[in-house]
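Q: Chains A and B supply the protein sequences, listed in that same order.
Just so we're aligned, residue 1 is where the first sequence starts under our numbering, counting upward by one.
Just so we're aligned, residue 1 is where the second sequence starts under our numbering, counting upward by one.
Keep in mind the hints are simulated off the structure, nothing from the lab.
Here the structure is a predicted model, which means the values were calculated and not measured.
In this text, a Cβ means the ideal position worked out from N, Cα and C, and glycines have one as well.
Possibly wrong hints are sitting among the right ones.
As the list claims (entries may be wrong) - Using 20 Å as the maximum straight-line C-alpha spacing, the simulated DMTMM-like pairs for lysine to aspartate or glutamate come out as follows:
#1 A:Lys8 with A:Glu83
#2 A:Lys8 with A:Glu160
#3 A:Lys53 with A:Glu83
#4 A:Lys53 with B:Glu8
#5 A:Lys53 with A:Glu91
#6 A:Lys53 with B:Glu87
To be verified - Quick list of simulated restraints, FRET-style, between CB atoms:
#7 B:Ala19 with A:Glu91: 18 to 26 Å
#8 A:Arg224 with B:Leu90: 26 to 34 Å
#9 A:Arg92 with B:Gly26: 33 to 41 Å
#10 A:Ser209 with B:Met1: 22 to 30 Å
#11 A:Ala127 with B:Ser84: 13 to 21 Å
#12 B:Val113 with A:Glu163: 49 to 57 Å
#13 A:Ile10 with B:Glu81: 31 to 39 Å
#14 A:Arg224 with B:Leu156: 14 to 22 Å
Here's the letter readout for the chains.
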Amino acid sequence: MAVLGRGKAIGLVLRSLLVQGSWNYRTMQGAGLGYALLPVLRSLHRDAGASLKEALSRHSGFFNSHPYLSTVAIAALARMELESIDAVQIERFKVAIVSPLGTLGDRLVWARWRPICALAALWLFLAGAAWWVAVAAFLLLYNALNLGLRIWGLRLGWREGLEVGGALLGSPLRRLPDRLTIPLAVVSGGVLPPLALELGSSTGAGPLSTIAVALALAAVGIWRPAVAGRLAVLGLLVGSLVLVALGHSVW
Amino acid sequence: MWVGALLEIVSLSQLPIGAARSWETGPASVAAVSLMAAGPGGPSLLVIAGAYGVALAWIGGWTVHGLRHLNSRLVAGGRREAYSALELSLRHLLALGLDFARAALFTLAAVAVAGRVVPDLQVDAGAFAAVLLLVVAGLALGVDLRMMARSRRTWLAFAASAVVSGLITVWLF
Numbered sequence: 001m002a003v004l005g006r007g008k009a010i011g012l013v014l015r016s017l018l019v020q021g022s023w024n025y026r027t028m029q030g031a032g033l034g035y036a037l038l039p040v041l042r043s044l045h046r047d048a049g050a051s052l053k054e055a056l057s058r059h060s061g062f063f064n065s066h067p068y069l070s071t072v073a074i075a076a077l078a079r080m081e082l083e084s085i086d087a088v089q090i091e092r093f094k095v096a097i098v099s100p101l102g103t104l105g106d107r108l109v110w111a112r113w114r115p116i117c118a119l120a121a122l123w124l125f126l127a128g129a130a131w132w133v134a135v136a137a138f139l140l141l142y143n144a145l146n147l148g149l150r151i152w153g154l155r156l157g158w159r160e161g162l163e164v165g166g167a168l169l170g171s172p173l174r175r176l177p178d179r180l181t182i183p184l185a186v187v188s189g190g191v192l193p194p195l196a197l198e199l200g201s202s203t204g205a206g207p208l209s210t211i212a213v214a215l216a217l218a219a220v221g222i223w224r225p226a227v228a229g230r231l232a233v234l235g236l237l238v239g240s241l242v243l244v245a246l247g248h249s250v251w
Numbered sequence: 001m002w003v004g005a006l007l008e009i010v011s012l013s014q015l016p017i018g019a020a021r022s023w024e025t026g027p028a029s030v031a032a033v034s035l036m037a038a039g040p041g042g043p044s045l046l047v048i049a050g051a052y053g054v055a056l057a058w059i060g061g062w063t064v065h066g067l068r069h070l071n072s073r074l075v076a077g078g079r080r081e082a083y084s085a086l087e088l089s090l091r092h093l094l095a096l097g098l099d100f101a102r103a104a105l106f107t108l109a110a111v112a113v114a115g116r117v118v119p120d121l122q123v124d125a126g127a128f129a130a131v132l133l134l135v136v137a138g139l140a141l142g143v144d145l146r147m148m149a150r151s152r153r154t155w156l157a158f159a160a161s162a163v164v165s166g167l168i169t170v171w172l173f
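One chain only, chain A, in its complex shape (with noise of 0.2 Å):
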């Protein structure tokens, strides 16, 4: 098997940071994939020449996966290069990475990772924390799995090249949303009552009847999503609307 390098993995994950940057509604991350994959196009392609230019013509087209993923991805297409796997494969391989990338990113992070941390890192400034502790322990957790998925991921890719798909499917990594849900579902638990309390203190209420009513309204929120998504934002406007207008005057 080829060898990467720790200089060319390293780069590779810090080009992986800026695979988003040019996103567009035509290629998506394709210019992004381009970028990250250029060192080792490189140096496969000395003569930066028309070989070069094709190279980077063949990445640059519509490619998407989730951005902590993508360096299964770009890892996996950079050995495919290194082992001159022909152009209509690459292709067939790009688009069947995409959606399990996506799908798998979107789930464990957006819908399961960043929800734990940021209410987990809210329940300890709840607890009497520092702000500056929950934000660190916040920033802390998150990147913990970010920069961990982007390794693990450069690791899988290069090791399986073209079949990591497969190998994805086969992953821990795969069962870890579901696996995750009801550590969500007992931070989220968690974090209301205080924060009813906290939030509704000027209520003049006790403290169980601003409990049980949060937690109606948390009952309400899961029963109707799309609604009480909606009633929630625009009671927010309407309210600071009716506050502003309010000026000066003391209820």
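Fit chain B to the supplied structure of chain A, relying on the hints for placement.
A: Then chain B, alone, in the frame of chain A:
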């Protein structure tokens, strides 16, 4: 911190998936926090800062949408000839720079507006604002959970955790 927490809860269900036009909460949070920090604090200002943040996040989402169209021309302009390595790098980095400039200008403008508005705000409607915050936070947390997880087991875990946490909170209150 409270403005950030409120915005986070309200915006968690806005998932930045694929080509979806989602809220841009970064500049919005900075501007909302600046509004809160410039004022006397309290639940009324928290509601106003939260609403300001939500409105900015929505507008920010549109500016990102516009930039994505501009990026289409910049890096995928339909040119027959492929880009050279240098040209692709420059175009990609230029798109990044434009995004940075967009976000910086948007944040500066929003902070400047907040700075002009706050000195004129003398709102003291604590009870009304507190009820509103309670309603918004309760509904938004429920929506967040439903958007992320849809099984009955999850909701039971949520309820059990809320009851235990509620009892501990009341005991400590």
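Q: None of the hints should be skipped; say for each whether it holds.
A: Taking the hints in turn, this is what the structure says about them:
no.: 1; hint: A:Lys8 with A:Glu83; in the structure: holds (16 Å)
no.: 2; hint: A:Lys8 with A:Glu160; in the structure: holds (18 Å)
no.: 3; hint: A:Lys53 with A:Glu83; in the structure: holds (18 Å)
no.: 4; hint: A:Lys53 with B:Glu8; in the structure: violated (44 Å)
no.: 5; hint: A:Lys53 with A:Glu91; in the structure: holds (16 Å)
no.: 6; hint: A:Lys53 with B:Glu87; in the structure: holds (10 Å)
no.: 7; hint: B:Ala19 with A:Glu91: 18 to 26 Å; in the structure: holds (21 Å)
no.: 8; hint: A:Arg224 with B:Leu90: 26 to 34 Å; in the structure: violated (50 Å)
no.: 9; hint: A:Arg92 with B:Gly26: 33 to 41 Å; in the structure: holds (37 Å)
no.: 10; hint: A:Ser209 with B:Met1: 22 to 30 Å; in the structure: holds (26 Å)
no.: 11; hint: A:Ala127 with B:Ser84: 13 to 21 Å; in the structure: violated (56 Å)
no.: 12; hint: B:Val113 with A:Glu163: 49 to 57 Å; in the structure: holds (54 Å)
no.: 13; hint: A:Ile10 with B:Glu81: 31 to 39 Å; in the structure: holds (32 Å)
no.: 14; hint: A:Arg224 with B:Leu156: 14 to 22 Å; in the structure: holds (19 Å)
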